[in-house]
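S.K.: Mind docking chains W, C and U on chain D? Use the hints.
Protein chains in written order, with numbering that gives the first Met the number 0: chain D, 0 to 408; chain W, 0 to 408; chain C, 0 to 408; chain U, 0 to 408.
Among the clues, some could well be false.
Intra- or inter-copy, both count: the list cannot distinguish identical chains.
[Said to hold, decoys possible] Below, a list of computed lysine to aspartate or glutamate pairs in the EDC-like style, where the Cα atoms sit at most 20 Å apart: (1) LYS250 x ASP213; (2) LYS250 x GLU24; (3) LYS139 x ASP374; (4) LYS250 x ASP199; (5) LYS178 x ASP199.
Hints listed in this document are in silico derivations from the structure and should not be mistaken for laboratory results.
4 protein chains.
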Amino acid sequence: MTVKKVALAYSGGLDTSVAIPWLRETYGCEVIAVIADVGQGEDLDAVRKKATASGAPSAHVVDVRRAFVTDYIVPMVQAGAVYEGRYLLGTSLARPLIARTQVEVALAEGCDALAHGCTGKGNDQVRFELAYQALAPHLKVIAPWRSWHIRGREQAIEYAQLHGVPVPASRAKPYSVDKNLWHCSSEAGILEDIWTEPPDDLYQYTADPRTAPDEPEYLEIDYEEGRPVGLNGERLDPLGLMERLNAIGGKHGVGRMDMVENRLVGMKTRGVYETPGGTVLVTAHRDLEAITIERECAHYKMLIGPRYAELVYYGQWFSPLRQAFDAFVASTQRTVTGTVRVRLYKGSVMAVGRRSPNSLYNAELATFSDDSVYDQREAAGFITLWGLPTRIFAQTNPHLIRFLHERVR
Amino acid sequence: MTVKKVALAYSGGLDTSVAIPWLRETYGCEVIAVIADVGQGEDLDAVRKKATASGAPSAHVVDVRRAFVTDYIVPMVQAGAVYEGRYLLGTSLARPLIARTQVEVALAEGCDALAHGCTGKGNDQVRFELAYQALAPHLKVIAPWRSWHIRGREQAIEYAQLHGVPVPASRAKPYSVDKNLWHCSSEAGILEDIWTEPPDDLYQYTADPRTAPDEPEYLEIDYEEGRPVGLNGERLDPLGLMERLNAIGGKHGVGRMDMVENRLVGMKTRGVYETPGGTVLVTAHRDLEAITIERECAHYKMLIGPRYAELVYYGQWFSPLRQAFDAFVASTQRTVTGTVRVRLYKGSVMAVGRRSPNSLYNAELATFSDDSVYDQREAAGFITLWGLPTRIFAQTNPHLIRFLHERVR
Amino acid sequence: MTVKKVALAYSGGLDTSVAIPWLRETYGCEVIAVIADVGQGEDLDAVRKKATASGAPSAHVVDVRRAFVTDYIVPMVQAGAVYEGRYLLGTSLARPLIARTQVEVALAEGCDALAHGCTGKGNDQVRFELAYQALAPHLKVIAPWRSWHIRGREQAIEYAQLHGVPVPASRAKPYSVDKNLWHCSSEAGILEDIWTEPPDDLYQYTADPRTAPDEPEYLEIDYEEGRPVGLNGERLDPLGLMERLNAIGGKHGVGRMDMVENRLVGMKTRGVYETPGGTVLVTAHRDLEAITIERECAHYKMLIGPRYAELVYYGQWFSPLRQAFDAFVASTQRTVTGTVRVRLYKGSVMAVGRRSPNSLYNAELATFSDDSVYDQREAAGFITLWGLPTRIFAQTNPHLIRFLHERVR
Amino acid sequence: MTVKKVALAYSGGLDTSVAIPWLRETYGCEVIAVIADVGQGEDLDAVRKKATASGAPSAHVVDVRRAFVTDYIVPMVQAGAVYEGRYLLGTSLARPLIARTQVEVALAEGCDALAHGCTGKGNDQVRFELAYQALAPHLKVIAPWRSWHIRGREQAIEYAQLHGVPVPASRAKPYSVDKNLWHCSSEAGILEDIWTEPPDDLYQYTADPRTAPDEPEYLEIDYEEGRPVGLNGERLDPLGLMERLNAIGGKHGVGRMDMVENRLVGMKTRGVYETPGGTVLVTAHRDLEAITIERECAHYKMLIGPRYAELVYYGQWFSPLRQAFDAFVASTQRTVTGTVRVRLYKGSVMAVGRRSPNSLYNAELATFSDDSVYDQREAAGFITLWGLPTRIFAQTNPHLIRFLHERVR
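Chain D extracted, bound-state conformation (with noise of 0.2 Å):
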């Protein structure tokens, strides 16, 4: 394969650090390291001037902190996509961003390949490679982590120090990390043991309930169809209002998750996860959408949820069933409008109150002591229909029902 410039996702780590001097090297490239900025706290000019230290004559730092909200994270919470039933996809939603990122950089830069850092035996590499695909199927893919034959850390410190990498000096953590602004996510190493606790250092952006404060705080969060849009009578733009949930969130320490999960590529791999102002984001988002979604619509809409889920997990973002599914879902939002309160306390969240313009709820409906929305002989007539299709089932086949009955006993 002739490579002459390669657009290469670089995090500043070990792993695609040692990527540079080694694509040069094979395919006597030219490497242009670019850098997204998905909020992961670090200081990305230094993670800049570590690419051009490792070979690297050009490295670009793009800041899309307000696409990731905006255009993954919302849409994603609106789907109510949660891999598994509990995994929040924050690793998932920021590759195809990343590789997005860096295919425009590649465009504009003339590259004719791209790459990226991540291993043979994880999703991410699905989810770049994906991305690639969609995007710019022309340009040819390298993982050299696939490719070469370097394997584990001290063979890649090695590595570095041949080709004058800078290798960081301070031990690393005893399982691998990564950040951006709605998780921390870690995993491998010592939590390999899935039978023993996270230890309580490993936490990053959440407090330790036993330390978090000891009252309660409530928030008042606003959407307006799906869209966050303010937080205690304040208006804010989506990023700061992440940033303030973030802070408010991990200060209770709310969003904590450890939990085994089903990756793409076949094994099962155990994740321990913090998303402090993304729980409270979609704690309160799901109780705005029980007051202002039509029973029927909801209820299709909370299967679609996990195949959304699967979708972005599965690399799957830029893909026509996740935009038909996006079409749907914008469909079911326009009622989203109002406000929900929510109260954390040392590690929890909960909705306590709601409202809405568009609310469908009306105490007067629901009441039991009023007539007003039918006359409760009505409901006779509503139960023998609804009941039909088991009575006549019941009736012509005593026998599966008496083995009903013997069931209970």
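M.R.: Positioned in the frame of chain D, the structure of chains W, C and U alone reads:
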């Protein structure tokens, strides 16, 4: 309608007490009170006496708590059935069991009719009557609250006093309560203002998280083929285990939920639920499934949960679809054996460890540093084929990919 | 209930003709007859005169055939909505359009009520009344056949004769018929014996396959973004195209269906349907989708079809869930442009050729003899990862695999 | 890789014949040919001799036709599994059975490897290898067509001639064929032009509808709990029944399908299928289900069919999800007993009559002229409650209803 002898689902409350003289007066029939012990924690001997004092010549207390756990709660937990993602179905689940108990008494006593004390605005009338239709379609059904002219509590008290029915001395709570060994629910009355947080004294099964113990408590729950069988190494029968989990969960304030839900009869309503032991049980079971169920099976099972929950909530417990779901779920549970370690602390419960003889998690497979499962180069082949539909779509429809592109900005 | 002026959905049949004097007599109100032309192929001027002869001071014929094709039929075909896998929804689909037409006349005429001629046993009452609730929830609703004491055809004739309503001279068919430009359905009467084949003379839209032409006929149907726009190279408006397809399909005996279906109101019923042009349209559209929609999107869309069909059949045309589905479907149809060649012959229609500028089919990719898409060795990597969950499951649970093994014998 | 003895799935075609010397030469191993009789209708003794003539010291013919019908076809029909709505899975379904047969021989013969003759572009390689992984994960797997340097038929013939493998005298068909007792499929070659109709002489199992009998033929098929057990009143074993239905269906030209489908390995491909008896069986079974399965159960089952079909098509026959689906389906089939009358005529099959001792169809319930099931007034109550979510939505969001309104014009 001619009725000679009616079996009434009797709770001991004013609503069903008033029904006794009304049924006698209206139909000239004998009233048999059926009191199902589903763990509501009341003095059921006193309830029985109240029934006879209200005019029922015979009143039966039937302890169905074991059946409740074994045949209702466990299948529902295994199915992952949670209504609208949040409600653990405590009331919905008890109704078909109470109805079944009532039918058994009715058949033994030679009754020709069944009666319940539900109003025409709620879900429970449907649950009772669909169970009647399934189990005893030949019996007549009477729903006094849909038929008579009594409206509201004051008229009921007046009617009671006129007919010698004992009237509770204490003032009623300003909301309705339903209790059993799975949950305690509150609704209506002051809760109809959905913006206002429930009062602190509403909660009966759970401590206020603020006053809960200041140190976390760890539990180890054992499962065999999806059934909970032990706690902290001690083997327990399911009922005993539930009672323990309720006590411990409640102490730590676990399992509160404040939500607006969609009733089957068409309107939205607010429910405030406490399911302390149930929340622990569901959390642990889900975590054990994560390591013992294969991915495709696990993902499909997630779609069945919401539909199963609809069936339960909509009164269709005794239905062929639930039978078929139970068969599906039972097949998935054959491997769900093992132990989950959970941490309870001030209102929240979190899984922190899990192990199983059937564990599909294998640290050696998941680790990034070794090639024991597959050569990492194989991942490239996977990605090529997995991404092929996307790549072809992108190459064929570049204008739609441009759209994707633009979306992001 | 006080009613001053009622808009009646008028068909010209005995059922709705009798309703005119009954409404006048019962409510002392004025009756406006609304006759929607949905392509039922009758002399609607005569129908209009019959309405006035029956006592309606004013009768409106509204031609809604174009809207029927464009806004009802096409979205339904695009959604792949087929009730219970077989029924193409001809009657279900016309009802909300007739109701909408009726509401528009009612609003223009200042009516305070709406009436229809459906009985209490069928689905149509639900379809009319849910449309009324969505479009004009403030208007009263009258359903004479559920309210009056007329039972059956003979009593209706007697009532008609007493009230000067013209009575058809010819004997009624021994079953009920509903016709429009999409289909002709027959049900009830002699068809209630579900073991017996419908009589030959029942079919009105389709030739008997035995007398259909002895040579196949080939058609080429053009689509643009999922909309049918041409036939055999000639561009046609949707209504004109439907009429042509009905004529040709009918000549070849295409589109008959004899089935038992589940009514919304709880019982099963037999319907015999003729949908000649519709069957051709659906067959061709599905075949074009096969080459223009990406796999994951296509597979998910197949799950939406049955739920969309339920919504239509269950009277929920005007509902937020249908709106959301339409948004999803519209997104998928952006690439569904091209031509399908179908063969019609003695009762069957079969796609035999298809082409599209957006075709995702690529002979070079599919061929087994070339490696242009991927190196066949890459497939090995795909299989390893794709099969990994199964392999781990099998290794961990050999006893369950033994079960698999034994099953086979 | 060291291989001592390999069991090869042998078909008798050039592809697998050439594999015999190649395996011997490449691995220095013994080759055991396994020939599964799945009803492909060839002289399998001659195939066996060809295997030994090609260099396999031992070749086994195993008749698995009964297992094919009982354990593969019947469960699949009961599940309603049809891939992409049209493909009856004939090839997909045979593969796991052939693989299982091969594994059994391999274990009996002490083999240490398994081999198949599939290419790297198709689905079959996945189906074989996932079955191997499930049933014998300890055995090595060899896929010669992905490994060697032979490309295309001519090189294979050359290799055969060099190695003494008998080469067929006749010219190969200009497309690939796969046959068994369920279907005959054709693909590739001239069929890759998807605009052109398949040639008349391609069809092997079905008469041209134009030359099929001029009179319809009626059949009555009996089922017991979803299993076909008789034809025209004569009790038959499942295999005998399939053979009869194939003969009769084929005579009438029933069961042809020409379609483009999505391969698992990522590209679209055209398949032309003939499934004469299968199409009859599926049609009749579905019609019997319509009168014996309760509505909610039937509707949910329709969602399982497409996923079940994916599993089969994707090679996941031996998987826990299929086991769970089988348990679901078996529960639904307990009532599917009865007889369906179908009419076959010139390419089409249509149900025209059905009866069952468990029939949930009841003419008295369905009839419009009687009130035996429920008072028609009860329908009003049903409609009120059924329509309530829509009505509330419409009243709360009139602007969205206006949108609905405008859509129609």
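S.K.: Hints first: check each against the structure and report whether it holds.
M.R.: Cross-check of the supplied hints:
For a Cα distance limit of 20 Å, the shortest separation of LYS250 from ASP213 qualifies both inside one copy, at 11 Å, and across copies, at 17 Å. Taking the shortest Cα distances, LYS250 and GLU24 never come within 20 Å of each other, neither inside one copy (47 Å) nor across copies (63 Å). Taking identical chains as interchangeable, the C-alpha atoms of LYS139 and ASP374 lie at most 20 Å apart only when they sit on different chains, with a minimum of 15 Å there against 69 Å within one chain. Taking the closest pair of Cα atoms, LYS250 and ASP199 come within 20 Å of each other only inside a single copy of the chain (15 Å); across copies the shortest separation is 24 Å, beyond that limit.
In this homomeric assembly, LYS178 and ASP199 come within 20 Å of each other (Cα to Cα) only inside a single copy, at 18 Å, whereas the closest approach across copies is 38 Å.
Going through the hint list in order, the structure does not satisfy hint 2, though it satisfies all others.
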